[in-house]
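Make one complex out of these two single chains by using the hints.
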Amino acid sequence: MCSSRTLQQQKIELSDFEKKLINLYQGGFPLTSEPFQVIAEELNSTSLEVQQTLEKLLANGVLTRFGPLYNIEKIDGAFSLCALKVPTERFDEIAVLVNSYPEVAHNYQRDHEWNMWFVLADETEQAVINAFNQISKETGCPGLNLPKQTEFFVGLRFEA
Amino acid sequence: MQPMNDALTRKIMAATQDGLPVCEHPYRVIADQLGITESALLEAMNNMLSQGLIRRIGLVPNHYALGYRFNLMTVWDIDDGEIQQLGKQVGQLSFVSHCYQRPRKPPDWNFNLFAMVHGRSEDEVNQQVAIIQRLLGSACSEMAQLNSVKILKKTGLRIRND
Chain A
0 MCSSRTLQQQ
10 KIELSDFEKK
20 LINLYQGGFP
30 LTSEPFQVIA
40 EELNSTSLEV
50 QQTLEKLLAN
60 GVLTRFGPLY
70 NIEKIDGAFS
80 LCALKVPTER
90 FDEIAVLVNS
100 YPEVAHNYQR
110 DHEWNMWFVL
120 ADETEQAVIN
130 AFNQISKETG
140 CPGLNLPKQT
150 EFFVGLRFEA
Chain B
0 MQPMNDALTR
10 KIMAATQDGL
20 PVCEHPYRVI
30 ADQLGITESA
40 LLEAMNNMLS
50 QGLIRRIGLV
60 PNHYALGYRF
70 NLMTVWDIDD
80 GEIQQLGKQV
90 GQLSFVSHCY
100 QRPRKPPDWN
110 FNLFAMVHGR
120 SEDEVNQQVA
130 IIQRLLGSAC
140 SEMAQLNSVK
150 ILKKTGLRIR
160 ND
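Protein sequence lines correspond, in order, to chains A and B. The first sequence lines up with residues 0 to 159 when you count with numbering that gives the first Met the number 0. The second sequence lines up with residues 0 to 161 when you count with numbering that gives the first Met the number 0.
The following block holds chain B by itself, in its conformation from the complex (with noise of 0.2 Å):
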């Protein structure tokens, strides 16, 4: 299968990106402008979930406006040999939202594992990052904290429909 080439996938997503009308029937709504029937939008949806292309439909909070003021990107230094495994289990914490592995770029920069962490107090991120710490073990020689400051830019990223 190849969604990358499939038009009416790329003609879904560029019309629901910025959202689902708020009606009774906001699926017929898009169907309507795409021309096709609300019952093959559906159908083309439940697709791209399983697919994976969509993680998931629902309301996405700002998480600001919900008191998580607090957002840290932590950076690790972890043994290549156990990254993977650790990896996914820093990933499977609950106030863990983003989980890779990066490259390192010696010798400005070693750190091979970045999460990113919430939370609505100072305390809560500062245990969040002690949970990480204890479960990395002696795997993770370094590490660092990088608070964010300011946002510069946020356009999001956008499909283009050409």
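Chain A on its own, in the form it takes in the complex (with noise of 0.2 Å):
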């Protein structure tokens, strides 16, 4: 239930078309009936060299994977950016009861006093309010919800 994975990960070297392939398509991935021939014309290859070589990055892990990517705050629900101050010897424990509430989409360890950061997604702003002040009170640690008061940027574009 508490999966953690730490951070580091081996770099995995590319080829020309495939630092090409990433560079090109974050965005703008043809939205028509045969995009891969569209991209195939752009790169100089075929259909099938992109379709295989897109799988073998989605394979090796390079990209995690392809397709739209949604704003899915528009449609879905309420989101908040929270942290608590845990302190050390308790932080395991915590983070298992902090990771087994479902409204907590992502945890992230930091270090900051403020040490464990995780977003908290629910339909509506009071359900993730409540859900906050429920992980208050259970861990009994400081916390700290900061839902968004105005969004100036979201998107990277990764060089590979």
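Keep in mind the hints are simulated off the structure, nothing from the lab. Please note that the accuracy of each hint is not assured.
Claimed, not checked - Where chain A lies over chain B, by a calculated footprint (3+ residues, C-beta under 8 Å):
1. 42-54
2. 84-96
3. 121-131
Virtual Cβ for every residue (Gly too), placed ideally from N, Cα, C.
Now the structure itself:
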């Protein structure tokens, strides 16, 4: 339940073709009947080669997925970024407790006195507030509930 | 327009949130699953793109595998009168992936601007932080950097289809 991964991960070497594909198509994947054909023409390749390269990059973990990225907040409920100040000796125990809440979507340990940061997601703002209050009460740790007030930017293209 | 109550929109999101199939006609496969025509699906997704419901369609890299191992949450205490303008400018920097204004919680927490930065070396992210610092100038009275130590949970945000 409390599956945790350390952040280090091997960097994977990429061919020029793989780099080009990643750098050019983090957005703008063609919304048309034969998208790989369009990309193949763009990259002087074949639809089959593009598909095989994509499958390889998905299989070896260079890509986490491919497809539409949704702004899920536009249609589905309320979100907040929350933090707890957790005593070191209770950290693992509190992580299990916090992660057990279905409302907790992401949870990160960070090197700061506010050392546990998680995103709460639920259908309404009130439900998010209730979940935060419940977590504060159950853990007994000081907490911050920081729903966004302005979104200035979301998105990033990573250069391969 | 109320995309929120649009049953087809939700169905499309549920059917594609794990990605598109890798094949000659990926949209046709999804359309078949949903019992609609390929052109109806393409039209609906086009609308979702223009409404901003779909941020983009493409390849989603695992940034750690591309060597972006330094991912830092930076937080800044910005003069309330200047945060709108400065937040926009910070959000426009190429290495910033998320940029938000969030509420202060004095006296525990006085930071109101959050910016996630990503780099391939410690030097690179230090330079990025310095660039933000210069941009903010005297409007910023304090900042902090919060490195991620460990992912404790990552389920992603899911759309329900019920």
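Checked hints:
| no. | hint | verdict |
| --- | --- | --- |
| 1 | 42-54 | holds (count 9) |
| 2 | 84-96 | holds (count 8) |
| 3 | 121-131 | violated (count 0) |
Violation of the numbered hints given earlier is confined to hint 3; every other hint is satisfied by the structure.
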